[in-house]
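Fit chains B, C, D and E to the given chain A structure using the hints.
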Amino acid sequence: MFETLHRRVSKKGMPPGTVTYVGRKQSRAVSLDAIHIVPEGGPEGVRRETPTTPETCAAFAKMPGLTWINVDGLHDPDCIVRLGEVFHLHPLVLEDIVHTGQRPKLDELDDALFVVLKMLRYNEAARTIEDEQVCFVLKENLLLTFQEKAQGDVFGEIRKRLLAGAGRLCKGGADYLMYALIDAIVDNYFVVLERMGEDIEEVEEKLLAAPTPEELETIHALRREALFLRKFVWPLREVLARLEKGGYPVVADSTIVYLRDLYDHTIQVMDTVETFRDMLSGMLELYLSNVSLKLNETMKVLTMISTVFIPLSFMASLYGMNFKHMPELETEYGYYVVLGVMACTVTGMVVYFRRKGWLGGKG
Amino acid sequence: MFETLHRRVSKKGMPPGTVTYVGRKQSRAVSLDAIHIVPEGGPEGVRRETPTTPETCAAFAKMPGLTWINVDGLHDPDCIVRLGEVFHLHPLVLEDIVHTGQRPKLDELDDALFVVLKMLRYNEAARTIEDEQVCFVLKENLLLTFQEKAQGDVFGEIRKRLLAGAGRLCKGGADYLMYALIDAIVDNYFVVLERMGEDIEEVEEKLLAAPTPEELETIHALRREALFLRKFVWPLREVLARLEKGGYPVVADSTIVYLRDLYDHTIQVMDTVETFRDMLSGMLELYLSNVSLKLNETMKVLTMISTVFIPLSFMASLYGMNFKHMPELETEYGYYVVLGVMACTVTGMVVYFRRKGWLGGKG
Amino acid sequence: MFETLHRRVSKKGMPPGTVTYVGRKQSRAVSLDAIHIVPEGGPEGVRRETPTTPETCAAFAKMPGLTWINVDGLHDPDCIVRLGEVFHLHPLVLEDIVHTGQRPKLDELDDALFVVLKMLRYNEAARTIEDEQVCFVLKENLLLTFQEKAQGDVFGEIRKRLLAGAGRLCKGGADYLMYALIDAIVDNYFVVLERMGEDIEEVEEKLLAAPTPEELETIHALRREALFLRKFVWPLREVLARLEKGGYPVVADSTIVYLRDLYDHTIQVMDTVETFRDMLSGMLELYLSNVSLKLNETMKVLTMISTVFIPLSFMASLYGMNFKHMPELETEYGYYVVLGVMACTVTGMVVYFRRKGWLGGKG
Amino acid sequence: MFETLHRRVSKKGMPPGTVTYVGRKQSRAVSLDAIHIVPEGGPEGVRRETPTTPETCAAFAKMPGLTWINVDGLHDPDCIVRLGEVFHLHPLVLEDIVHTGQRPKLDELDDALFVVLKMLRYNEAARTIEDEQVCFVLKENLLLTFQEKAQGDVFGEIRKRLLAGAGRLCKGGADYLMYALIDAIVDNYFVVLERMGEDIEEVEEKLLAAPTPEELETIHALRREALFLRKFVWPLREVLARLEKGGYPVVADSTIVYLRDLYDHTIQVMDTVETFRDMLSGMLELYLSNVSLKLNETMKVLTMISTVFIPLSFMASLYGMNFKHMPELETEYGYYVVLGVMACTVTGMVVYFRRKGWLGGKG
Amino acid sequence: MFETLHRRVSKKGMPPGTVTYVGRKQSRAVSLDAIHIVPEGGPEGVRRETPTTPETCAAFAKMPGLTWINVDGLHDPDCIVRLGEVFHLHPLVLEDIVHTGQRPKLDELDDALFVVLKMLRYNEAARTIEDEQVCFVLKENLLLTFQEKAQGDVFGEIRKRLLAGAGRLCKGGADYLMYALIDAIVDNYFVVLERMGEDIEEVEEKLLAAPTPEELETIHALRREALFLRKFVWPLREVLARLEKGGYPVVADSTIVYLRDLYDHTIQVMDTVETFRDMLSGMLELYLSNVSLKLNETMKVLTMISTVFIPLSFMASLYGMNFKHMPELETEYGYYVVLGVMACTVTGMVVYFRRKGWLGGKG
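Residue numbers (the numbering used here), protein chains in the order written: chain A, 7 to 369; chain B, 7 to 369; chain C, 7 to 369; chain D, 7 to 369; chain E, 7 to 369.
These are calculated hints, taken from the structure and not from any lab test. Heads up, some of the hints might be wrong.
Identical copies carry no separate label here, and so any pair may be met within one copy or between two of them.
[Said to hold, decoys possible] Below, simulated DSBU-like cross-link-like pairs (lysine-lysine); rule was C-alpha separation at most 35 Å, straight line:
no.: 1; residue 1: Lys177; residue 2: Lys17
no.: 2; residue 1: Lys177; residue 2: Lys111
no.: 3; residue 1: Lys17; residue 2: Lys145
no.: 4; residue 1: Lys111; residue 2: Lys251
Next up, chain A with everything else stripped away, as it sits in the complex:
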């Protein structure tokens, strides 16, 4: 959870604009992936290549039509710096791209928009949520995306549609493409939320049956996860609110209506996260109430047993004493009298408990 802090600290003392990768070590090389589309060109108008140098990318971008360059892996600062030179990016933007501990944010540059987002993934094995930073640089007819990790993303469906060469995706410009990619990321949030929701419902069912310490730890873990999600979702909402308001030259008015739709989705993500938090708090309270209640019932059982038997035991002990002169012991019906007194005591206790509502599950 505090990895972000660690990354930030490891950069301390460097001048601003220093492009140093602070994330986890990566084994795979940085890979570039370029898609170029001639609008209205149909499937033939689409070309996909995997350039080996940033400079090849630039040649791509100079051709008329829409270019999308995706960078997988940020662990080669040199490559990022050269990309920055080729596409005229501010050093601070490059620094933000490689620094994977950013909050989601939107920066307006001279002729471009710079967006930082988090892609979420539910790790089924560890039952935790993993995040990966994705940066977007949106220019006229050019979209650059930078992914933290080289393995896999949520853009597969969009690539397929792009390569098919038809649909609004091929006609809509770089801004519409960026919208579609962000939409894919936000859609994936719902997958994560659904998995988390399943965990919450599972815990809740167990909780109503019988509270055990495992449930307590699961609730605690889920709360931490909700806290973690919240940190990403609140600034995301801000980013989309600003995008949806428009006024950026690189975002066409026709895309705004789609961005508004996307904004509605992030609101829904946020609502769900907040509802999760409220539900988890409610469940913790339920858990604690249940424990208190069970404790009370346990104690009632103990008290009833003790209250009934302790006086009886005392009476029995009394007549177990070995005094020479204990006239009761000599009488013929002494034993039966004591048994009778004991029976009366028990009856009295039971009546008392019934009046107090302790018997019959009333209270």
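Below, chains B, C, D and E alone, put in the same frame as chain A:
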């Protein structure tokens, strides 16, 4: 509760504007219901038909006068798409209509208003609140409504008044009709709130009598329901605040005063939901306090019994030992002395408890 | 508490503007009370009558000078409708007047202001707070007031001052009169708050002495009452904030300074209600802490008694066994040795408890 | 705490602008204190008198130069009314001055500013915070101050500096003088906060040692006090925020920079009060956690003792039975076998407890 | 923690603008450190000196180029006053510089900006966070910094880069230098947060293993620290938000983009502090839940043992009575019957506990 998330996830990867029904399976066919009114035409000016195709609806809408077309059931995407073509609706609007996991919202379109609301129903059998999505498309002289489920709605009274052909409803235009329908929906919220309020009062009465685990679960369930309601009511308030502010060409100024009244009602709904939440929190605290208190009293009883009898039992055991040489056992009044000591011990204990305020219910 | 919801529900399905009384049944007839004042006219310029029909009232209002018409009881819709016609009131206003479940609010009408407030009364017998709706319609030189219940109000002092025919009240116009009446209502809030404050202080004193379940229920009841008060006070503040900002043609600038003073009072009411809520929460926590602490002390007593006597009893039982061959029993000083061992055990225990801080009230 | 409410209620029914003293009875007479300064006049330019009538004060104020008139005690309404006439104060202002239950506030009058503040004093004897109302009326070259109580204030240092006739205080005008006085009041808040901070730290130290009921009551009392402080500090911040924004003709621009400094101080007061509240809540939670933990430990001791000895006692009782035919009793080594079984039981228990982590303070 | 209050109180009664040092005694003398840079001058353009008097500093500042004068230690008011005279600083600014109990703030002066910040340091020995006040006075080509303590700061890296005479730092002007220094301070916050995060994770791990009172105290201490941090971080965010908005003549537009980056960092600091607070609250709740749960389990063990053995012991005591006439004692198989009854009782109890789910760790 997480059905909404599930629906959203099932659509993942589709291009925006895809009209796919994500709700529950429906057995009944989609039914269309059209009412056409010539203002000032009296009962004769009203015509009601159940067109079989979207195209028939269009013919309806072309006649001078007010047309209300109600669609029951959204599980036939083809029908919705054709309606969209006939009435020139944006693909994103159609997508929102069939996607039944929307938050209440208001979108301004070119020549129309698009409103998404939730109709609530209290399921008496399951003692839960059920929601159903209702969408409104308001155009000049035309109102389209889309209901998620084919069975029943809360508009019966309004249809009756419409068919009677008189009153403000027939003269007021499509905007007034929309107001009247939303008013019917919000009025039904009060029915749901009243039922929920009854449940809350019932639990509270039981709680003051004697807290049992059932009450705890009921409080928990009611809190979840309040959370659920809140999710619908907050955005509803926003929708009505924006409607009431006016400035939409399809909403006449004369309708604004009615919308303000409606806005007051939603504020009241919201207030009530918040009050419910506060009351339920208060009740949970009361419950826990009660449990703690009862535990304390139980323990006091146990402690008093134990504290009185354990020393007595010890004394009795002491003289139950079988040592050969125990001079006390031989004395003539040893037994009575022991009984006296026991009596003194008990008296001392009772005095001590009285001083501590444990007897007589003082503390 | 949920009476308001009930009233709202009982009106479901009626067209807006329907004037139906939804409050409690009233035995007394609706009574009208009209006071007419010629400013600067002295005591002779004041006339008070109790007109029998709404139309008589209209005649009153047409005379030059200030007219105040007070309606006691709303259970005669016919009378209210006729009043509405005579004084040109919008149907929605009439509906709001008879619908006694309104939130306090301020509506600006064409040539009038419409204010809904709640009058509070502390019911000494039931120790609860009762509310009564009061509506004001303020026009040029005319003030209409509508009270829910026919029995009594807080305006006695003002009537007296009016009939005396002197003072600012007779010169100040209808807006100043409305201010004076609202001021009387808000002043009465302080009476209610003072009574509630006394209850809170009483409970707190008892709580510090010894917490009993009665205090718990009283705190719970007081919290509900504070919640109830809050529902009225927050919108009241809003109403007065808007009034104080001025800009209404029927409110003279010279009255604004008085309204600002009144606004200060409502802020103080609100502050007090919030302070009450904070105090009650604090008291509940104190109560729970006290109960926990007492439980802990009870348990310490039990543990000490048990820990001391259980081993002793065991030893006594041990030598109470009837084995043939128990050499200790035969020795001459066995009994005294056992007594000595017991004494040592007790001493050891006491030393242990003293070290743990359980004796001497240290912890 | 509710004295304020009581005062407000005692005025109920009086027309606005009635000047009635509602505070505590005062034995000392109202005293007037006037200081007149000729700027740049040095020590000779300063004159101090104690006028006996309000009219004498007016003569003072007419002289060129700065006049500060301080009124100690408000229990003589006649004197206040005459002062009001002499200095042309609005009746509502006079009412506010004598009504000592005001919230801190700032009112802009025609040619004056009216400020109500609270002076705080830490009562060392009762360990409570006492408040006293101070009102300022600031006019061109004239400052009137009204203090609730006749005994003592926090202005001593300022009087001394004034009478010395030098420094910015004598050159700065009435607005600078008001700033200096308010600064003295706010500075005194820090004294009160420091004393309260000491109390908090003292309680916290005790709490970490061993929680006793006294600490609980002290925390409760401190929380009430923080609540009490907060009621004065929040509106104070508002008053100073408005003053600091300037735009009042009677406040010179050169004074604004000082007021900004003062505003910073009130923010700091507010921060400290909020920090106190957070700390006290944290301490209550710590207290409760500590009590729970101690309870748990107490119960573990009891459970260990009981679990070890109850089965042993049972065994001993078993062979204490007086049945004729109990073959074990007859055997020669029966006693030793039983002792062995007992030893094994104890060993087993200890092993079990060690595994559960109950021994050795591990959990 | 309340040192700040103490400092404030020690200044009570002094006229505003009095320059009195209120911090801790310092043994080292105040030291001045001046760096002068001729932009584009390379390493030769940089001069570093340690002037002995404020007047020497002034000579420095008069040379063309950028001058940074750093003052270490504030305990020599005379030196500060002379510096103020030399650089034309307002007395209130000087007072704020030496008064080390300020909140972070930004004041706009005539031709300068005045910024107060807190430098944080994690004291590894005491495991606490220490703060030190740093003030910045930014003028055209001149930056003055004032540090509270003479020993060490976080600016080492920047000095090194400055003296190297290259990079943006030497070309960027006084505003860029101030940005770089504040950036160094904020970067150090992340170091402090990382250390604190490690402490939190350490406590959490221990907590999940077994809760002990030490963890409780650590959580309490960490919460206090988070409260302490928050007091500095919230106003810091405000300061940077205002700086980033620009509009100050002494801050160049080219620096704004860097300040925005810095603002993002402070938001992240704030987010982290809030996350820490949420996590610590969650941990406290987990702790309490764990304690409750353990208590419940302890009680179940006790109850099971007691419930099984108390009736058995009673039966044994019963037949340990010494009555002459107890027919059961005489029967040959009485002992075995009693043993059988006891076995049945135990079996019944075990079955009952199993049904209640108390055995087998189910609940």
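Hints versus structure:
In this assembly of identical chains, the alpha carbons of Lys177 and Lys17 lie at most 35 Å apart only when taken from different copies (23 Å versus 42 Å within one copy). Both within a single protomer and between protomers do Lys177 and Lys111 lie at most 35 Å apart by alpha-carbon distance, with minima of 27 Å and 29 Å respectively. In this assembly of identical chains, Lys17 and Lys145 lie within 35 Å of each other by CA distance both inside one copy and across copies; the values are 29 Å within and 30 Å between. Taking the closest pair of Cα atoms, Lys111 and Lys251 come within 35 Å of each other both inside a single copy (15 Å) and across two copies (17 Å).
The earlier numbered hints are all upheld by this structure, with none contradicted.
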